[in-house]
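Peer 1: Take the given structure of chain A and dock chain B to it, following the hints.
2 protein chains.
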Amino acid sequence: MKKLINKPEDVTTEALRGVAAAHSSLVVDVDNKIISRAGGARKGKVGLVSGGGSGHEPLHGGFVGYGMLDAACPGEVFTSPVPDQMLAATKLVDGGAGVLHIVKNYTGDVLNFQMAAELAADDDIEVTPVVVNDDVAVQDSLYTAGRRGTGATVFVEKIAGALAEQDKELKKVADVAREVNERSRSFGVALTACTTPGSGQPGFELPDDEIELGVGIHGEPGRERGKHRTAAKIVDFSLDAIHSDMPLSGDLAVLVNGMGGTPLIELYVVFNEVNRVVKGLGARITRSLVGNYITALDMTGVSITVVRLTPDLTKLWDAPVETPALRWGR
Amino acid sequence: MKKLINKPEDVTTEALRGVAAAHSSLVVDVDNKIISRAGGARKGKVGLVSGGGSGHEPLHGGFVGYGMLDAACPGEVFTSPVPDQMLAATKLVDGGAGVLHIVKNYTGDVLNFQMAAELAADDDIEVTPVVVNDDVAVQDSLYTAGRRGTGATVFVEKIAGALAEQDKELKKVADVAREVNERSRSFGVALTACTTPGSGQPGFELPDDEIELGVGIHGEPGRERGKHRTAAKIVDFSLDAIHSDMPLSGDLAVLVNGMGGTPLIELYVVFNEVNRVVKGLGARITRSLVGNYITALDMTGVSITVVRLTPDLTKLWDAPVETPALRWGR
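Sequences listed follow chains A and B, in order.
Its first residue numbered 2, the first sequence is counted upward by one per residue in my numbering.
Its first residue numbered 2, the second sequence is counted upward by one per residue in my numbering.
Honestly, the hints are just simulated from the structure, not real lab data.
Everything numeric in this text was worked out from a predicted model, so none of it was measured.
Heads up, a few of these hints could be off.
As the list claims (entries may be wrong) - Below 30 Å or equal to it, Euclidean Cα-Cα: the simulated DSS-like pairs (lysine-lysine) are:
hint: 1; chain 1: B; residue 1: K3; chain 2: A; residue 2: K280
hint: 2; chain 1: A; residue 1: K280; chain 2: B; residue 2: K8
hint: 3; chain 1: A; residue 1: K228; chain 2: B; residue 2: K316
Chain A on its own, in the form it takes in the complex:
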């Protein structure tokens, strides 16, 4: 498996140096692996910290900036960041109004963020965690007790970030972040496996004519493996899984997310099918994202995230944002 890297063990560090060189709006502490806003903490504003294993870019570092995260803690590839790293980020973004931890539901992430929150409490920083668990594919998984956190993270970070920018209090920001998670569902499908730089080999075997329905963002097994099929049938299967868990109605935000190796033209073919199904259910897509937002290295495939919007959530989604990966309206 060919990769554009130097040594496998240097990938995350060198990528962070690249982020620093590319985005003057960010400060990158390469040694401690913390990406934060160049401006630093703002007094009275709730700080937003997220993090998780690397290999899912632009998540989370690409979402640091005005109107979204204050800091992101990338771990090694597919490996949780460590409590000290999260604690340092928490202190960095604390403006006296407390800090929200946005945590994807993977056991390592949850435990480490919990430990960081306890350490922060010792320093008199109030931390509230919000756990994202939108993936309907499986109840428990390789790295997870309960549902995995995937695409909803983008919406939780964006909407909570917009509220924090308005100087809302920590409880309110956390409540709305949880509301977004509760109104979101995701389902992912892999056409091919992903290969970590360290291993150089695909993380699992997927025959040439099969796909993994309900795959996780590290290549964890999904609901079932089946024969490859049309985009229409893949979307039917995915939205069926979502709709039977959370009936789709009203105004929806839809993310059609590439897993890292999927051409954009295919994502638009998928979006067209999602639109067909949503219309058939009498619902309506009013906000959309199409592209690579939460990836699994070079995996080909797609995940679909649906958020049942409210007028308030729509307004917060539309609020100005200025990050490397999401930017509008400012």
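Peer 2: Relative to chain A, chain B alone:
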């Protein structure tokens, strides 16, 4: 080769329907394959039209919107759009101030845009073509007399679009578009070949331990094929090709562009290496883009585009833009 599609022959049409469903800021004429701004032509503003084969998304449809293109004409996958399509787009965006055709230097594109311009002249629409030919890899190529047009297209479209938004006259917009092209150079490297939906087979053979240095965006052969190597050596080779053609100095805009199948984390590793080389030459990266902007379906690899900025070009690059793929400052 597994793809997220229905029938191969329907990919471009269905992707266009997806674009229409995802982006309310665009109007998509699916039958005639024209993507244009929802607002229509503005009187007194030079209209900007580009186009080319599909499979390079987000180019060009993803760059239609305020501050950039007025319309894009996608052809079938890796196939030039047709003159009638370009003519219809030209008429659609004509606000009485003439129309700029931004044409990547591929023989089919050039001939068809030329024919469209002649047909438009019959309708008393003044058209000026600007041909983009920034790829230093090879002098002539599979589909090209002269150099191929690649990543500079993004900069030409953005900067010309900003000028047109200021109601500058056609000659001025064309002159600056040519200036951007003249100050830009690109070089691409493939780790793996791409597969069109129609063929289902990789467009060329590339052994597991080899890469194509100087590859084109359709998988056309480059300067040489060689053993796979580190990101540092790939960047050294690429920037050496660029620097010996156009010495790098002063302030630079750099695009580190994924070919469609490359993880973002690898593109940041590459960006870090580009920054190293640029600094070593005494130049400076002041504007940057990292991601998939001009792709070759599912090809893995990278292209690097460098633009020697001037203060005026920087200002035009920074001007507000609101398209699906490039959006800021409005």
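Peer 1: Does B:K8 lie within 30 Å of A:K280 when you go C-alpha to C-alpha?
Peer 2: 22 Å, holds
Peer 1: Given the hinted pair B:K3 and A:K280, is their Cα-Cα distance within 30 Å?
Peer 2: 27 Å, holds
Peer 1: Under the criterion that the straight-line Cα-Cα distance not exceed 30 Å, is the pair A:K228, B:K316 satisfied?
Peer 2: 52 Å, violated
Consistency with the previously given hints fails for number 3 only.
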